[in-house]
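A.B. asks: Each chain is listed here by its residues.
There are 2 protein chains.
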Amino acid sequence: MLKNMIKAQKPADEEFTARLGDERAKLFASQLKIKEAGLPVMVIFEGWGAAGKGSVLGKIIKNIDPRFFKVKTNAAPTAEDKRYPFLYRYMKDIPEKGKFVFYDTYWMEEITDARMGGKMEDKEYEEKIDSIKRTERSLVDNGYLVMKFFFQIGKKEQKRRLDFLLSDKDTKWRVDKNDLYENKHYDESLEVYDKYLKDTNSPTAPWYIIDAKDKKLAELQVLEFLNQGIETALKNKDLAAPILQNTFPLKKTPLLKEVDLKGKTLTDEEYDKRLDDLQDELSQLHYKLYRKKIPVIIAYEGWDAAGKGGNIKRITGALDPRGFEVQPIASPEPHEKARHFLWRFWTRLPRTGHIAIFDRTWYGRVMVERIEGFCSENDWQRAYNEINEFEKELTDWGAVVIKFWVQIDKRTQLKRFKERQATPEKQWKITDEDWRNREKWNQYEQAIDEMIQKTSTEFAPWYILESVDKKYARIKALEIVVEELKKACDSKK
Amino acid sequence: MLKNMIKAQKPADEEFTARLGDERAKLFASQLKIKEAGLPVMVIFEGWGAAGKGSVLGKIIKNIDPRFFKVKTNAAPTAEDKRYPFLYRYMKDIPEKGKFVFYDTYWMEEITDARMGGKMEDKEYEEKIDSIKRTERSLVDNGYLVMKFFFQIGKKEQKRRLDFLLSDKDTKWRVDKNDLYENKHYDESLEVYDKYLKDTNSPTAPWYIIDAKDKKLAELQVLEFLNQGIETALKNKDLAAPILQNTFPLKKTPLLKEVDLKGKTLTDEEYDKRLDDLQDELSQLHYKLYRKKIPVIIAYEGWDAAGKGGNIKRITGALDPRGFEVQPIASPEPHEKARHFLWRFWTRLPRTGHIAIFDRTWYGRVMVERIEGFCSENDWQRAYNEINEFEKELTDWGAVVIKFWVQIDKRTQLKRFKERQATPEKQWKITDEDWRNREKWNQYEQAIDEMIQKTSTEFAPWYILESVDKKYARIKALEIVVEELKKACDSKK
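So the sequence lines, in the order shown, correspond to chains A and B. When we follow my numbering, the leftmost residue of the first sequence carries the number 1, and every step to the right adds one. When we follow my numbering, the leftmost residue of the second sequence carries the number 1, and every step to the right adds one.
In case anyone wonders, no lab produced these hints; they're calculated from the structure. Keep in mind that a hint or two might mislead.
Repeated chains share a single entry, so a pair holds when one copy, or any two copies, can fit it.
[Claimed, not checked] Derived DSSO-like pairs: lysine-lysine, alpha-carbon spacing no greater than 30 Å straight-line:
id	residue 1	residue 2
1	Lys26	Lys216
2	Lys429	Lys418
3	Lys292	Lys172
4	Lys492	Lys172
5	Lys35	Lys123
Excised from the complex, chain A in its bound form (with noise of 0.2 Å):
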């Protein structure tokens, strides 16, 4: 894409500055607009090192109030960093509804870096490039705004405006090492730079490359594409994005139906010995899997008065404070809403080596959400591939994912109810949406066994735990867990 480049063409001077006044008028006449439709705007400053990116921002900026936008500025990774995926730190920066974040590089450069040191292998790179596409798609699709430009200047050029930065103490800083590499490499960044663009070019999220041999053309570039970006996705706001059909490998589970919950009882003996036993065990593997730096999420979803409750309790008595985090999860809090429905959970995942407990999870999407119409049918629609897609992330990072649905039928849980009311210490347990939601067990029902069916996937299949008896359950939840953590200490040196 870079060598084919066409090269900007400098209107005349008075034609110029019309343009230019023009742009900025559009752009500062649309920020209300974009407030009022509600669209999240990325605007992504990509390129190489002195090719001006944050000059122009600084330009772009001055049409739209503080009060509409963020600026994002992105170094390398640090040590605190990597304990996250890697698309950890740039996902907790996307913009809310109604605001633009601007950033001085995106998720590029961390790769092309290390592609330019030959520090990532092409393996590495592959995984990469598909996580950035499927993530951009999903931006896109969920309503955000995504416009990557990237600014392309020569060798000579650049050489020029580093030798120029080099010269004065005050700017020298903007200089680093990644930037001269670039310049005595020129030829082989360039390949890696155009590889990358040609990458993840891609229909919702193109590539806009910005000659930016002229600052004040580039400044033009950028405004016009922005502004035409801005008018398209204002015009298509409403339009359904499609439905993908998934592509990971699937596991079999049961429906709801063929769960067998007959007998699966345990004696308070064989209760307290195993969960004696597990608990030990899980203590162990607990000091392990810390050692070993493996991220552990354990998601539980299930119907009300099922006992995910004490189910977890069980987990967590049996570890180390201060390597886990129950993630108790709630209706979602304005700002919260305001964002892609995964950003509150990529900001709640564990660090290397800690446990996450998710009590209820991003399947709220295609369950409550669903069923109470709290977001479009599109929506849920397309939340099981974007869902797959997100735990594919979290394995790819080395996390185990476990989740568990605690299943139990109509009768035990009115017993149950009846009995929190009955408790004055539970009573806070039980509300009026609990009986609500149990009209509706059938339309729940489906809407379960569609969500187990398709994302169970082999890489983060769903266990159903039999809750009848609770302490079948529990001993259940406790043997899964040591066995999957047992797997992944034995694989990890």
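Starting from the known structure of chain A, arrange chain B on it as the hints suggest.
C.D. replies: Here is chain B on its own, set in the frame of chain A:
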């Protein structure tokens, strides 16, 4: 305090079991009262390495539903942590109303570790102690329960435990070099701990020394103190906190009615020339302070339509977008309202070398929140001192803090309101609320005068920007910013 510790006496087995059971049940029962009362609870575990903080913490939280607590573990500060004020990473993690946060070490350990290695001089130590005392007091005054436990064990006992941990590869990572230092230099370390405990022991946030030789007994001691603390805090919930007098040197600043707005104008020519010069100068200074890693905080308050936005734009227009952020402050979101009123400002601080411009600020507490009754009278009356203390933290950290009040008269405001209403692209800037606020002009004027008089400290004084002629106010703001930044750059190598 440690040297005179009274050894805990273990009761007979039967009594012990009964008391432990009682205390656990009490904590279990109190979680809902805490939720209902909206009490935020901080439970801090400090103490010798291997004293059993983590294991007791693990037992305590078993009595609480995961929806109501979080555990935070603090290690030595990272390079990124060090780019913020010392208190920053701790303040980020304070609980919200109705919830517990348990800390496996809090701000104590960072200080005592540095003291032991001799890496912190007396003067810095004393400053940090002052910061901590003020902050703990401010948390308590704002309704937080702060429970501080120190786990005490003897030299031999610690040695035994460290050796045991070191004997297994799955536990030896839990012993760090500070633990070993501590044990080797036990008496010196005891002095450091003892002094810190004495220095930060206060009636509002006292220390509880836990005799941690027997782990079960340690649990009982913590539970008894914690339950007692909770009971007292729930009882005292509606007590008003004392209103502390200002202790910082104040700078004389005029009352609003003494501010002469007449004649404060500039011709377009003067304005253009000085704007260009000042922006050039500021642009150069921005690189300098980035290099010198000086953080800058510019706070804007002013009447509606006084011209804050345009004024800010003239500052940011000169800045590299990668080195500043505008923080527009609206009403707090639910998760912000649920915490100390300064929390949302602590979490928005710039890193060293960066500039944060606040468009409206923490002074909302003593203006809109006071006048609209969003907080109690006791709350806003305390806030003057709390704010001075907050700004003291910022300037002690090395930040330049510049506070602007943008001043106009009532007639000018009316003219601008009407203008905004008549201009389609400005209509969004004028709301019914603006008109309602205007009706309360006199109340606001009184509040603003009190605010400026009480918070114009020598380290963070208020500057009045006369803004009937916006050009005049912009140039004045730029001049002040340039002068203050120059001073800061000159005084730091």
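A.B. asks: Decide, hint by hint, whether the structure agrees.
C.D. replies: Evaluated hints:
{"no.": "1", "hint": "Lys26 / Lys216", "verdict": "within (17 Å within a copy, 69 Å between copies)"}
{"no.": "2", "hint": "Lys429 / Lys418", "verdict": "within (11 Å within a copy, 54 Å between copies)"}
{"no.": "3", "hint": "Lys292 / Lys172", "verdict": "between (40 Å within a copy, 13 Å between copies)"}
{"no.": "4", "hint": "Lys492 / Lys172", "verdict": "between (43 Å within a copy, 19 Å between copies)"}
{"no.": "5", "hint": "Lys35 / Lys123", "verdict": "neither (41 Å within a copy, 50 Å between copies)"}
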